[in-house]
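Q: Chains W and E supply the protein sequences, listed in that same order.
Our numbering applies: residue 1 is where the first sequence begins, and numbers increase by one.
Our numbering applies: residue 1 is where the second sequence begins, and numbers increase by one.
The set of hints was computed from the structure by calculation and includes no laboratory data.
It cannot be assumed that every hint is accurate.
[What the hints assert, rightly or not] In silico DSSO-like links for lysine-lysine, alpha-carbon gap of 30 Å or less:
no.: 1; chain 1: E; residue 1: Lys211; chain 2: E; residue 2: Lys239
no.: 2; chain 1: E; residue 1: Lys75; chain 2: E; residue 2: Lys104
no.: 3; chain 1: W; residue 1: Lys46; chain 2: E; residue 2: Lys341
no.: 4; chain 1: W; residue 1: Lys146; chain 2: E; residue 2: Lys79
no.: 5; chain 1: E; residue 1: Lys384; chain 2: E; residue 2: Lys220
no.: 6; chain 1: W; residue 1: Lys146; chain 2: E; residue 2: Lys429
no.: 7; chain 1: W; residue 1: Lys46; chain 2: E; residue 2: Lys239
no.: 8; chain 1: W; residue 1: Lys146; chain 2: E; residue 2: Lys387
no.: 9; chain 1: W; residue 1: Lys46; chain 2: E; residue 2: Lys211
no.: 10; chain 1: E; residue 1: Lys239; chain 2: E; residue 2: Lys387
no.: 11; chain 1: E; residue 1: Lys341; chain 2: E; residue 2: Lys168
no.: 12; chain 1: E; residue 1: Lys434; chain 2: W; residue 2: Lys46
no.: 13; chain 1: W; residue 1: Lys146; chain 2: E; residue 2: Lys384
[Said to hold, decoys possible] Over the 12 Å line for every Cβ pair with chain W, so calculated as not near, a few chain E residues:
no.: 14; residue: Pro80
no.: 15; residue: Asn167
no.: 16; residue: Ala494
Everything numeric in this text was worked out from a predicted model, so none of it was measured.
Quick reminder that beta carbons are idealized off the backbone N, C-alpha and C, glycines included.
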Amino acid sequence: MLLSPTQRVLRAFAAWAVVALFVFPIYYWITVAFKVEREIFSLPPKVFQFTPSWKSFEEVFGVSLGFENGLEVIPGGGNFYMTPRLVDSIVVAFFSTILAVAIAVLAAYALSRMRIKGQHHFVFWILSTRMMPPVAVAIPMFFIYKNFGLLDTHVGIILIHALMNLPLAVLLLKSFFDDIPTEIDEAALIDGASRFLIFRKIVLPMAMGGVAATAVLCFIFSWTEFLFVLTLTQTSLKTVPVVSSTFVTSTGTAWGNMAALGTAAMLPAFVFILLVQKNLVRGLTLGSLKQ
Amino acid sequence: MNPIDRKLYLASITDRYVKGKMDRRSFLRAAGKLGLGAGVLGLSSMMPFGSRGGFISPAAAAEIEPDAEMMAWLKDVAKPFAGQTVRLATESTPPSNAINSALKPFFEEATGINVEIEVLPLEQVLQKLTLDVASGLGTYDLYYIDQSWMASFSGDVIDPREKYAANKDLAMPNYNMDDFLPALVDGISMYEDTMVGVPYDIPIFITMYRKDIYDELGLKVPTTMDEYLANAVAIQEAKQPEIYGTNGQMKSGHYSLECDWTAWLWSHGGSIFGPDGKFTGNDEAGLAAMDYWVKLFANMPEGVTTWTWDGQGQSMAQGIVGQTLSWGEFFPFWDNPEASKVSGLMEAAVPPAPKAPLRTTDQTGFGEIPGVGHQGGSSLAVSKYSKNQDAAWLFAQWATSFDTQVYITTLGGGTGPTRESVYDDPRVKANAIKGIGGTTRHLDAVRETIANHMGSEPDLPEWAELSNDTIPVELGRFWAGDYDSPKAAMDSIAEKVDAIVDRG
C-alpha cells in the first residue's frame with residue numbers, strides 16, 4: 001500500500017514520538033547524573049539547560065577527572081565509592097551467565113532430542129522452579145551458604161544466579177533446539193557422527209542465535225537481581241542494584257550519585273547486547289516461520 | 001607538577017591511605033608535598049563532607065589527631081584480638097559515614113582489628129539484623145539498633161554495663177558512661193532493666209525556619225502549636241505559589257509518617273498507648289491532634305504524601321518551604337551551599353510548647369515518653385552471638401568515646417552528639433558557622449530539645465511492626481481519602497494495633 005506524503009510524515013512523527021516517550025526517562029536520568037545537587041530538584045525541572053558537573057561521577061568512581069578546578073575528590077574515601085561494586089556486578093553477571101548457559105545447552109539438547117519416561121512432567125518441574133518466589137528460598141539459602149562458607153563470596157553469588165537462571169535458560173534453549181529439524185541429526189548419525197559431535201559441530205552452531213538470546217536474558221536477570229545479593233552478601237561484594245540503595249541515607253537520597261552509577265551501569269549490559277546483537281536478532285526470530 | 005598529575009597523585013595516595021595500604025605518616029608527608037596543609041585549603045577543612053557519601057578532604061584528614069592516651073591504651077589492650085574482624089550493619093547516618101570514611105583507619109591501625117561496616121537503608125538493616133538473630137549465626141558482631149527496634153533485639157545483645165564491669169581490663173579509661181545525656185540513655189538505650197546498647201546517634205525533631213521569610217513577614221519564632229500553625233498559614237498566604245507554609249514526611253506505609261503523627265499526637269496531650277496497654281490515639285486528644293494535622297496539611301506542598309524524610313529535606317533545600325518541625329540533622333545539609341538553595345538562610349529553635357499538658361509515663365504504656373521533639377536515635381550494641389565480642393566491645397567504646405564523637409560531629413556533618421561534654425568542646429563550637437556544610441550552629445537547639453522537649457516511642461517487641469507497617473499504612477489510607485473522618489481512621493488503627501499487641 002502506498003502512503004501519501006502526509007501519511008508518511010505522520011507515521012514518522014508517531015514513530016519518533018514513541019521513541020521519545022521511551023528514551024526521555026533515560027535521558028533525564030543521565031542529566032541528573034551531570035547536575036549539581038541543588039539543581040536536581042529545581043522547579044521547573046532543568047531538562048536541557050543546566051550546568052554540567054562531573055562531581056557525582058568523580059565521587060562514585062573514585063577518579064579525579066580534572067575537569068573542575070578546585071574540587072578535590074578523594075577516591076575510595078566515601079561510602080559512595082562504587083568502582084569495585086561495578087566490577088563485582090560484571091564478574092557475577094558474566095560468570096553466572098556462562099555457567100547457566102553452559103549447563104543449559106547440554107540439558108536442553110538432551111530434552112529436545114532424547115526421550116525419557118515422564119519427560120513432560122520433568123519439563124514442567126523445571127518450569128515450576130521458576131514460579132517459586134525467591135524470598136521463599138533466600139532465607140534457607142542463607143543458612144546453607146553460611147555452613148558451606150559461601151556467604152559473602154563471588155562464587156556463592158555466581159552459583160545462585162546461575163541456578164536462578166537455569167530453568168528459563170533450559171526451556172528457552174529447548175525451544176530453539178526443537179526448531180532445528182531432527183532429520184539433520186539423523187543424517188549425521190547415519191554418517192557415523194556421535195551424539196556429542198552432532199551437538200557440537202552441527203546443532204549448536206545452528207542454534208547460536210538462541211544461545212545468544214538466552215545469554216542476554218541471563219545476563220540481564222543477573223545484572224538486575226536484588227534479593228539474593230542483599231541476603232547472601234555483607235561487605236566483600238555487592239552488585240549495582242543493591243549498592244544503589246545505599247545512596248538512601250538518613251538525611252536524604254543522593255540522587256546525583258545514584259544516577260551516575262545507574263548511567264554507568266547501563267554500559268556493560270549495553271555492550272554485551274551489542275556484541276551478541278547479530279545473533280540475538282536471529283535468535284529472537286528463530287522459529288517464527290514454520291514450514 | 002601539573003594540575004592533572006597532581007590530582008592523579010592525590011587520588012592515588014588517598015585511595016591507598018583510606019584502604020589501609022599506606023600509613024598515616026606517609027600519607028601526611030605525601031599530602032604535604034602537594035601543598036595540602038590545612039591552611040592551603042582554608043575553609044574546606046571545616047566542611048569536609050561535600051555530600052552525604054562521607055567524602056573527606058585531605059585537609060580534614062590531615063587535621064585528625066586522635067587522643068594519644070586512648071590510642072595507646074587501645075594498642076596495648078587489643079593485642080590478643082589483632083587480626084580479628086568485627087562487622088557492623090548500619091544505616092547511612094552521619095556518624096557511620098564519618099567512622100567508615102575517615103576515622104576507622106585510626107582504630108584499625110592502633111588495634112590490628114579489622115572493621116567492616118556495611119552501609120544500608122534503615123529497613124534493610126532491620127532485615128539483616130532479624131536474619132542474624134533468627135539464625136543465631138553471629139554474622140554481625142555489632143548491631144545498629146534504632147530506638148523503635150530496641151525491645152525486639154533486647155534479648156540478643158550484651159548489656160554494655162555488664163560488659164564494662166565484667167572485664168575491667170577492657171574497660172576504656174575515662175570512657176565515662178555518665179557523660180551520655182541521661183534522657184538519651186533512657187530513650188534509646190534502655191528496655192526495661194536492660195541497657196541494649198550505648199547511645200550512638202540522635203536525630204531529633206526541632207523547629208527550623210527561613211529567617212529571611214520570617215523577617216519579611218514579621219513572624220516570631222513559634223513558641224506554641226497555635227503560633228506554629230499561624231506562621232505556616234501566614235507564609236502560605238503571602239508566598240504562594242512559590243513557597244509553602246510548611247512540609248512533612250507523609251509517605252504511606254513509611255516509618256516517617258508515623259514519626260510526624262506522634263509529634264502532633266504528643267503535642268496535643270495524647271499518647272499512643274494508655275497505661276493498660278491499649279491504643280489511645282483515637283481518644284479526644286488524639287482526634288484534636290488529627291484536626292491540627294489536617295489544618296497544617298492545607299499549607300503543605302501537594303506531593304507531601306509521597307515523601308519520606310528525603311522529600312521533606314529536598315523541598316526545604318530547594319527553598320519552597322518556609323518552616324518545618326523535623327530532624328535536626330537536616331540543618332547542616334541545608335546550610336551547605338553546594339547542595340541547598342537556602343544556605344545561610346535557615347535558623348533552628350526548640351519545638352513549640354505542647355498545646356495540652358504532656359502525658360506522664362504513668363499515663364502511657366510500654367515506657368512511652370511524650371514530647372514534641374520526636375527522637376529517632378539509635379544505639380550501638382554488641383551481639384551475644386558474636387564470636388569476637390571483646391574486639392567488638394573495644395570498637396563500640398572507641399566509636400562512642402568523647403574524642404571520636406567530637407570528630408564525628410565536626411567531620412560527620414554536624415550530627416547531634418550523644419555525650420554532654422561534646423556539645424561544649426571548642427572544636428565543635430568552632431564549626432558553628434553560618435552557610436557551610438557540616439555547621440554545628442543548630443546544636444544548641446538540639447541539646448535543649450533533648451533535655452526538655454524529647455519524645456520517645458514505646459518499647460515493646462511488636463513496635464517495629466506497628467511503627468513501620470501497621471500505623472503508617474493506615475495513616476496513609478487516611479491521607480489517601482479511604483476513611484470518612486479522622487475518627488474512623490483512628491478507630492481502625494486502634495483495632496489493628498490492639499489485635500497485634502494482644503496477639504503478643
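Q: Does each hint hold? Answer for all of them.
A: Verification of the hints:
no.: 1; hint: E:Lys211 x E:Lys239; verdict: holds (14 Å)
no.: 2; hint: E:Lys75 x E:Lys104; verdict: holds (14 Å)
no.: 3; hint: W:Lys46 x E:Lys341; verdict: holds (15 Å)
no.: 4; hint: W:Lys146 x E:Lys79; verdict: holds (28 Å)
no.: 5; hint: E:Lys384 x E:Lys220; verdict: violated (51 Å)
no.: 6; hint: W:Lys146 x E:Lys429; verdict: violated (47 Å)
no.: 7; hint: W:Lys46 x E:Lys239; verdict: holds (22 Å)
no.: 8; hint: W:Lys146 x E:Lys387; verdict: holds (14 Å)
no.: 9; hint: W:Lys46 x E:Lys211; verdict: holds (27 Å)
no.: 10; hint: E:Lys239 x E:Lys387; verdict: violated (59 Å)
no.: 11; hint: E:Lys341 x E:Lys168; verdict: violated (51 Å)
no.: 12; hint: E:Lys434 x W:Lys46; verdict: holds (28 Å)
no.: 13; hint: W:Lys146 x E:Lys384; verdict: holds (18 Å)
no.: 14; hint: Pro80; verdict: holds (24 Å)
no.: 15; hint: Asn167; verdict: holds (27 Å)
no.: 16; hint: Ala494; verdict: holds (30 Å)
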